[in-house]
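Construct the entire structure; sequences and hints are all you get.
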Amino acid sequence: MNHLVTMKDLSNENIMQLIKQAASFKHTEQHQKEYPHFVSNLFFEDSTRTKVSFEVAERKLGMHVIPFDASTSSVNKGETLLDTVKTLEAIGVEVVVIRSSEENYYEELLANTKMKIINAGDGSGQHPSQSLLDLFTIYEEFGTFKELSVVIAGDIAHSRVARSNAQALSKLGANVQYVAPPEWSGEFDCLPNWDSVLSTADVVMLLRVQHERHQPDQSFGTDTYHDLYGLTVERYNELKDTAIIMHPAPVNRGVEIASELVESDKSRIFKQMENGVYMRMAMLEFILGGDQE
Amino acid sequence: MNHLVTMKDLSNENIMQLIKQAASFKHTEQHQKEYPHFVSNLFFEDSTRTKVSFEVAERKLGMHVIPFDASTSSVNKGETLLDTVKTLEAIGVEVVVIRSSEENYYEELLANTKMKIINAGDGSGQHPSQSLLDLFTIYEEFGTFKELSVVIAGDIAHSRVARSNAQALSKLGANVQYVAPPEWSGEFDCLPNWDSVLSTADVVMLLRVQHERHQPDQSFGTDTYHDLYGLTVERYNELKDTAIIMHPAPVNRGVEIASELVESDKSRIFKQMENGVYMRMAMLEFILGGDQE
Amino acid sequence: MNHLVTMKDLSNENIMQLIKQAASFKHTEQHQKEYPHFVSNLFFEDSTRTKVSFEVAERKLGMHVIPFDASTSSVNKGETLLDTVKTLEAIGVEVVVIRSSEENYYEELLANTKMKIINAGDGSGQHPSQSLLDLFTIYEEFGTFKELSVVIAGDIAHSRVARSNAQALSKLGANVQYVAPPEWSGEFDCLPNWDSVLSTADVVMLLRVQHERHQPDQSFGTDTYHDLYGLTVERYNELKDTAIIMHPAPVNRGVEIASELVESDKSRIFKQMENGVYMRMAMLEFILGGDQE
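Protein chains in written order, with the working numbering: chain X, 10 to 302; chain S, 10 to 302; chain E, 10 to 302.
Source of the hints: derived by calculation from the structure; they are not laboratory data.
Among the hints, a few may not be true.
[Said to hold, decoys possible] Computed spacing ranges between beta-carbons, pair by pair:
#1 E:198 - X:236: 25 to 31 angstroms
#2 E:123 - S:298: 44 to 50 angstroms
#3 S:197 - X:112: 44 to 50 angstroms
#4 X:230 - E:198: 51 to 57 angstroms
#5 E:269 - S:202: 54 to 60 angstroms
#6 E:121 - X:153: 34 to 40 angstroms
#7 X:274 - E:122: 15 to 21 angstroms
#8 X:80 - E:251: 49 to 55 angstroms
All C-beta atoms in this analysis are idealised placements derived from N, C-alpha and C, irrespective of residue type, glycine included.
Next up, the structure:
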C-alpha cells in the first residue's frame with residue numbers, strides 16, 4: 010500500500026498491524042541510525058500538534074525531512090497541488106504528508122502520481138493518523154475493541170475525528186454512541202444528554218468545539234455548552250473506575266472538559282499525544298515497507 | 010572558486026566539470042554519511058521549487074542545513090544583507106544560497122565577506138543553477154553542444170533563464186535563436202513566429218509567462234499567446250523525432266505549452282527537475298571543493 | 010539544573026563552569042556524531058541572530074531539531090503556552106528554547122511542567138545566553154573579571170542585556186558604570202557623558218537603540234544620539250590600547266557606533282557572535298548534563 014489517506018481503505022488486519030508496529034516502536038524505542046527516505050510535510054492548514062508529531066516520528070525513524078513552507082509555495086504562483094507534488098516527486102521526495110482544507114484533495118494525486126501519500130487531515134473529512142492513535146490508545150488500555158462501550162461527545166457533524174473513529178471502532182467490534190446538541194448531530198443518531206451512558210461507558214471521546222467554524226450567534230455559549238454537553242466534575246465522578254477520557258486536543262478548558270480534569274487519573278489526553286508519535290512512525294513504515302524487502 | 014553567482018564567470022571547462030560531477034552524483038548516487046559543512050538558504054523571494062531542490066541536494070551531500078526564515082529576519086529591523094551575511098559567517102555558516110529580487114545583490118557581499126555564495130536568482134538577472142541544470146539536461150541527451158539548434162521562446166526580456174542560457178549555450182557552440190512577441194524581445198534579435206525553426210530545432214526551451222510581472226492591459230491574452238507563441242499540439246507534431254522540450258516550471262498549462270504536452274515523449278520538464286538536484290550537489294561541491302584537498 | 014531562564018539563578022561557579030565548557034567546545038571543536046536529544050526553538054518574537062545561533066549550536070552537538078513555526082502555531086487557536094509546552098513534552102521534545110515578548114513567561118512553565126527550558130529573551134527582562142556569551146568574550150580577553158572597568162552605554166532602561174550583564178558582572182568582581190541619556194536611565198545611576206570613563210574603561214558595551222520601541226518625537230534624533238552618547242571615532246581614539254568594544258547586534262551604524270569602527274581592532278562584535286554558538290552549546294549541555302551520567 011503506497012498511501013494512507015482514509016480509514017475506510019484499511020482492513021481490520023491493517024489496523025491491528027499498525028497498532029502492533031506502533032507498540033513495538035514504543036517499547037523497544039530503537040533509534041534507527043539511517044532510514045534514507047526523503048519526506049516533506051505539506052501543511053496548507055495550521056496544525057502545529059500534528060505537524061510536530063510527524064516531524065518527531067520522521068526523525069526518530071532517521072528520515073530526511075525536507076522543509077516545505079506552504080505559505081510561500083508556488084501554489085501562490087498559480088501552480089496546482091498536483092504539479093507541486095509531481096515536482097517534489099521529480100526532485101526525489103518519496104513521501105508527502107498533507108494537511109489541506111480541501112476535502113478529498115488526495116484523489117487527484119493518487120490517480121496521477123506515484124507519490125506515497127499520508128493524509129494528515131482534509132477539510133471535515135478524514136484524519137487517519139488521529140483515528141489510529143486513538144485506536145492504539147484504546148487497545149493499549151483494554152487489549153481489545155470487542156464489546157467496548159465508546160461514547161463520542163460534541164460537534165459530530167463537523168469533526169473529521171468522529172467520522173473516522175466511528176467507522177473504524179464499529180468495524181472492530183465496539184459499540185459507539187454519540188452525545189451532541191441537535192445543531193451538531195449531522196446525519197448521526199445522537200443522544201441529547203449524558204444520562205444513559207455515563208455509568209456504562211468504557212471510553213469517553215470528547216471533541217473540540219471549533220470556535221473558528223461556528224457563528225457567534227450560536228444558540229448557546231461556552232458555559233451553557235459545558236453544562237449541557239461537557240465533561241463536568243459531576244459527570245466524571247459517575248464514570249466507571251476503569252473508564253478513560255480522550256480528546257484530540259487542543260482542549261478548550263472549561264468547555265468540552267473541566268480544566269481540572271485535563272490531567273485527571275482517567276484522562277489519556279497526553280498519552281494520546283505520546284502515542285501519536287509511535288503511530289505515525291508505524292504509518293510511515295507501513296507505506297514505505299514495500300521498499301525494504 | 011568560492012562563489013557561483015553568474016554564468017559569465019564560468020569557463021567552458023568549469024561548466025563541463027560541473028556537468029560531469031552532476032552526472033557522477035546521478036549515476037553512483039553514493040549517499041555521503043557526513044559532509045560537516047553548514048549551509049543556509051536565504052530566500053527573500055518565494056521559490057519553493059528551487060529552495061526544495063537545494064534542500065534535497067544539501068541533505069544528499071550530508072550537509073547541516075540551518076533554517077533561515079527571510080520573512081522574520083533581522084533585515085526587518087533595518088539590518089543590511091551584508092551584516093546578515095557577516096553574522097551568519099561569524100556564527101559558523103560556510104555557504105549561503107541566496108534568492109533576492111535585487112539585481113547584483115551579491116557584488117557587495119563578495120567584496121566585503123569571505124562567505125561562499127551561490128546565487129539562486131537575482132531580480133531579472135542571473136540564475137546559474139537553472140542554467141546549469143538546463144545545460145546538464147541537454148548534454149545528457151545529445152552528448153555535445155556543438156551545432157545544436159536551440160530555440161528559446163517567450164518572455165526573453167524579463168527572463169533570467171533566457172539570458173544565462175543564451176550566453177552559455179553560444180559559448181559552448183550551440184546556435185541559439187529566439188521566438189518572442191515584439192513587446193518581450195528586449196535587446197534580443199527575435200523571430201516573430203515559429204515557422205522557420207520548427208523542423209530544425211533540437212532543443213525547444215519554453216519560458217514562463219510571468220503573469221505577476223505583466224500588466225493586465227497587455228496587448229494579448231493567454232489564449233492569443235498560446236496560439237501565436239506557445240507550443241501547440243500542431244507545432245509539436247512538426248518537431249524532429251529527436252527534438253526535446255524544456256521549461257523551467259512552474260508551467261502555465263495551455264499558455265506556454267498545451268497541457269497534454271507537459272508529459273509527452275519529447276518533454277524533459279520533469280527530467281530537468283530531477284537533474285536540478287544533482288547539479289546543485291555539483292555546485293556545492295564545486296565551491297567547497299577546495300576545502301577537501 | 011533543568012532550566013536556564015535568568016542570570017540571577019546562576020552562581021559564580023555555574024557561570025565559570027559554563028565559560029569553561031564553552032571554551033572547551035571552541036578549542037576542541039569535536040563534532041559529536043550523535044546526541045539524541047530532541048529540542049525545539051519557540052520564537053514568538055523575531056530574532057534571527059539568536060535563533061540561528063541556537064540552531065547551529067544544537068546541530069554541532071548532534072541534537073534533533075524539531076521545527077516550530079510560532080506564526081502558525083496552535084497558540085493562534087487559543088491554546089496557552091503552557092498547553093503547547095506540555096504537548097511538546099508529551100510528543101517527546103526534551104528541551105525548548107523560548108523567545109517571548111511576555112516578561113517572566115517561564116514561571117508558569119517551570120511550575121507546571123518538567124520540560125527543560127532555556128530562556129532566549131523575555132520582554133525587557135532576561136536574556137541569559139546574550140549575557141553569558143558577553144561574559145565568555147570578556148573572560149577570553151582578560152582571563153578574569155576582577156577589577157575590570159566595564160562601561161555600559163545606551164538605552165539601559167529598556168535593555169534586557171544591560172540588566173543581566175550588570176548583575177552578573179558585579180557579582181564576578183567587575184566595576185560597572187553606565188552612560189545614558191536621562192530619559193533612558195531607568196532606575197540606574199548613570200553618567201550623563203563619556204568624559205570620566207573613556208581613558209580607564211577596559212570593556213565598552215554599547216546597547217542597541219531600539220527604534221521600534223521609541224516614539225518618533227523623542228527629544229533627540231539619531232545624529233544627536235551619536236554625537237552625545239555613541240562611540241565616535243574621537244572617543245575611540247581616547248580608549249586604552251587594551252580596551253575592547255562590544256555590541257549585542259544588530260548594529261545601527263552611525264548611531265551607537267561609527268560605521269568604520271564596527272570591525273576595528275578593538276571591536277569584538279563578530280567575536281561575540283562566534284562565541285555565542287559555543288556558549289549556547291555549553292548551556293544545552295549544562296541543562297542536559299544530568300542525563301548523561
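**Asked** residue 274 (chain X) and residue 122 (chain E), beta-carbon distance inside 15 to 21 angstroms?
**Response** Since the Cβ atoms of residue 274 (chain X) and residue 122 (chain E) sit about 19 angstroms apart, the hinted range of 15 to 21 angstroms holds.
**Item:** Beta-carbon spacing of residue 198 (chain E) to residue 236 (chain X) - inside the hinted bounds 25 to 31 angstroms or not
**Value:** violated, 58 angstroms
**Message:** Between the beta carbons of residue 230 (chain X) and residue 198 (chain E), is the distance compatible with 51 to 57 angstroms?
**Reply:** holds, 54 angstroms
**Prompt:** CB of residue 123 (chain E) to CB of residue 298 (chain S), is that within 44 to 50 angstroms?
**Reply:** holds, 47 angstroms
**Request:** Note whether the CB distance of residue 80 (chain X) and residue 251 (chain E) lies within 49 to 55 angstroms or breaks it.
**Result:** 50 angstroms Cβ-Cβ, so the 49 to 55 angstroms window holds.
**Message:** A range of 54 to 60 angstroms was offered for this pair. Does it hold for the Cβ distance of residue 269 (chain E) and residue 202 (chain S)?
**Reply:** Check passed, 58 angstroms falls within 54 to 60 angstroms.
**Prompt:** Between residue 197 (chain S) and residue 112 (chain X), is the Cβ distance one that fits in 44 to 50 angstroms?
**Reply:** The hint (44 to 50 angstroms, Cβ to Cβ) holds, given that residue 197 (chain S) and residue 112 (chain X) are roughly 47 angstroms apart.
**Item:** Outcome of range test on Cβ distance (residue 121 (chain E), residue 153 (chain X); 34 to 40 angstroms)
**Value:** holds, 35 angstroms
This entry does not satisfy hint 1, going by the numbered hints stated previously; all others are met.
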